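Enquirer: Residue numbers (UniProt numbering), protein chains in the order written: chain A, 1 to 453; chain B, 1 to 421.
Just so you know, the hints here were simulated from the structure itself, not pulled from any lab data.
None of the values given here were measured: they were computed from a predicted structure.
Treat the hints with caution; some may be incorrect.
Claimed, not checked - For the chain A half of the interface with chain B, some residues (derived, Cβ under 8 Å), not all of them:
1. 185
2. 189
3. 208
4. 362
5. 406
6. 420
7. 421
8. 428
9. 434
10. 435
11. 439
Claimed, not checked - Restricting the straight-line Cα-Cα distance to at most 30 Å, the calculated cross-link-like pairs of lysine-lysine (DSSO-like) are:
12. 336/B / 194/A
13. 264/A / 74/A
14. 236/B / 195/A
15. 166/B / 374/A
16. 166/B / 260/A
17. 336/B / 83/B
18. 167/B / 340/B
19. 236/B / 336/B
20. 264/A / 167/B
21. 340/B / 166/B
22. 410/B / 442/A
23. 342/B / 195/A
24. 167/B / 260/A
25. 46/B / 236/B
26. 194/A / 340/B
27. 340/B / 195/A
28. 167/B / 374/A
29. 374/A / 260/A
We treat Cβ as the ideally placed atom computed from N, Cα and C, and that holds for glycine.
Each chain, letter by letter, is given below.
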Amino acid sequence: MNPLIQLTHQGSRLILPTGHSFATNFLSWLAFPGEGEGEMEGDSKADTPDVPPSTDNTPQCLNKALEGLSSRWKNWWIRGILSLTMIIGFFLIIYLGPIMLILVVMGVQIKCFHEIITIGYRVYHSYDLPWFRTLSWYFLICVNYFFYGETVADYFGALVQREEPLQFLVRYHRFISFALYLAGFCMFVLSLVKKHYRLQFYMFAWTHVTLLIVVTQSHLVIQNLFEGMIWFIVPISIVICNDIMAYLFGFFFGRTPLIKLSPKKTWEGFIGGFFATVVFSFFFAYLISQYQYFVCPVEYNSETNRFAVECEPSNLFMIQEYTLPAVVQNAVRCKTVNLYPFQIHSIALSTFASLIGPFGGFFASGFKRAFKIKDFADTIPGHGGIMDRFDCQYLMATFVHVYITSFIRGPNPSKVLQQLLVLQPEQQLSIFNTLRNHLREKGMLPPAVEEAQ
Amino acid sequence: MLAFPGEGEGEMEGDSKADTPDVPPSTDNTPQCLNKALEGLSSRWKNWWIRGILSLTMIIGFFLIIYLGPIMLILVVMGVQIKCFHEIITIGYRVYHSYDLPWFRTLSWYFLICVNYFFYGETVADYFGALVQREEPLQFLVRYHRFISFALYLAGFCMFVLSLVKKHYRLQFYMFAWTHVTLLIVVTQSHLVIQNLFEGMIWFIVPISIVICNDIMAYLFGFFFGRTPLIKLSPKKTWEGFIGGFFATVVFSFFFAYLISQYQYFVCPVEYNSETNRFAVECEPSNLFMIQEYTLPAVVQNKTVNLYPFQIHSIALSTFASLIGPFGGFFASGFKRAFKIKDFADTIPGHGGIMDRFDCQYLMATFVHVYITSFIRGPNPSKVLQQLLVLQPEQQLSIFNTLRNHLREKGMLPPAVEEAQ
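Isolated chain A (complex conformation):
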């Protein structure tokens, strides 16, 4: 049996025999086109890269403290301590405010992108492909420019109006972004080298798929954040809780394996985690809805040049009475219950996170197995890379964004106004008349006498 697979299942660090190099395997595979027909065993053993021996990133102090323990408990302690550290770090960043959160999201995005591209490099031995590293980072910058430009135009409307060069950039933003992207595209075409066509196309596709997954979703995270920090904190907490609860339930009660992709997951962990997460999120939502700091949309105050989170909380975050269905009424002996509407939404969010969210984790597991890597990187001792921690988060962030735009908020009023002011005057007038009639019907405007035209 392939030593790679054996070592993986042991769960210890992957250390490969140094005799085989990636180049050797790949090139021998090239030289014998006739062989290897039929079923591809073990996912084309020959073209799997040799994963370089993992470095152990654990800080020296931790290592010393845990010297005496056996390897399994040592691993458990390292994971536990790092988990706690990350959660504390999370709270600290929330305390520091929206700007810090945005910077952290941007940093995480860049690191995830870097991790996935590095894997691509290793898999395809692409270090010596001309320009490719430059081009990947260039595309990252282009796509980020496009997305941040759209966000800035929406939320920093007042700031943009003031500055002339910004106005130009905003007005022709799409064209400028497209031109920048095209420049990268043309550079890619010009950089195609005769012997490496296929590799270069693979890396091009790899870069684009990574951009699609990582960058797009990190911008959805930031848009969720602007809606109110609660839409950032609650989903992340739900996913973390589901992770931990599923692990605990699996640890204590786990018996039936869930899916072949992740042999450690069990049905007991899955279902127990589901119920525990729903309950946790219900009460957590209650706790957190009381604070204006979390609940208010993040707005940019152009006078003070700061982000402000003060507002009148929307209906979602005001206690309302709900009548319990008759069935429950008899059981609980209460007629009504006082809840935040947001708690109902949190049930929907936690249901998604528990039932569908894990598919994001399975996708990442399948990806790691496909490319024979244990972790995306070694950044966090005991946990792997940043991408390992965030694989479930991305799917959740996309869902939350779609949820918000579909059920919570309508279009952004300042954006609508912006679009209105760009229209032709005749179109503006017709919209004005329609709007006036609409508002009169709603009673927002008094029925006016006919103005002399």
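Since the structure of chain A is already known, use the hints to place chain B on it.
Expert: Frame of chain A; chain B shown alone:
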């Protein structure tokens, strides 16, 4: 391969020979009648004639479809998109021997349907506003459109994860990525084509004609004057063809734009008339399509010339098509060389597959769309109104007041007396 790990060091020759698929022998799709008529000629001239006749046939077909109207155009665009998607996916299958991967064909087509549903839903909501207001089930679909599309996509995503089979992980991820990149390129851009079309058929016809003209002109200039090779990817292209084609295309598009701007049929936005349940193309042509006087710069002559502003835009479009458009073709050539295929498919005798004809068009369509949204038109008024009506009443009121002041400043509204609140 497995038994000799030590050999085969050194430079990678000829792009990994071992994993290139055996391309099945091309079938000759030429109709029998053509074959008979060209029997006597040598192979080279026969090929030339076949290409020529098919080119003419396609151009005539193009004009016929334009004559048949917008609905037919939309259907043709949809058909082309599906065929291109099919061609690229088939190449992926051949490259990876993926015929026996469970579910994958189904999943690819399912994702195609999902993405199309998402895009067509957005378009329908925009342009068929009146129709949507009337029908109840449509209203529900439109209101929660993004959520429904996302749910459909997620179902496909989960099915993909569940379909992962132990021995084929890597292949399945490759095909997943292949499908998604194809969707990104083919489906997204075909929807940009349709949005261009709704802006006015001229924004569909002129770009396509420019690309076709550039193709033909570059070929002719290269045939007669070609000497210096342009790029290693396409050895048949020459600098003379490139530059000659550029000038010829700009001139052609300038005059073609003049010709075509005179017809309302092409120039008016396509609108859906909910009473007659038809597409209508009647309107007052916008400023872009009304002759205006331009003063020539003093260097040339101190006179004025009467032009359609659209002709100026057509120069920009043709410049892009001649200078940057070919990169789309080089990209497709590189792709074909990378995967050792001669053509995307054998659909059109002498030319290859549908994708071979349309590779430059997609980049052009995207550019035209970005050009239109940046320089020509503002946001769609009915869409803005739709968004307005969804807002909270207080937000509507504040926008109403801002708009009223704005219109008063512009003089569109008479300054009114203060209404008693």
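Enquirer: Decide, hint by hint, whether the structure agrees.
Expert: Hint check results:
no.	hint	verdict
1	185	holds (7 Å)
2	189	holds (5 Å)
3	208	holds (6 Å)
4	362	holds (5 Å)
5	406	holds (4 Å)
6	420	holds (6 Å)
7	421	holds (6 Å)
8	428	holds (6 Å)
9	434	holds (6 Å)
10	435	holds (5 Å)
11	439	holds (6 Å)
12	336/B / 194/A	holds (12 Å)
13	264/A / 74/A	holds (19 Å)
14	236/B / 195/A	holds (19 Å)
15	166/B / 374/A	holds (16 Å)
16	166/B / 260/A	holds (8 Å)
17	336/B / 83/B	holds (17 Å)
18	167/B / 340/B	holds (26 Å)
19	236/B / 336/B	holds (15 Å)
20	264/A / 167/B	holds (19 Å)
21	340/B / 166/B	holds (29 Å)
22	410/B / 442/A	holds (27 Å)
23	342/B / 195/A	holds (17 Å)
24	167/B / 260/A	holds (12 Å)
25	46/B / 236/B	holds (19 Å)
26	194/A / 340/B	holds (12 Å)
27	340/B / 195/A	holds (12 Å)
28	167/B / 374/A	holds (17 Å)
29	374/A / 260/A	holds (16 Å)
Violated hints: none; the structure is consistent with every hint.
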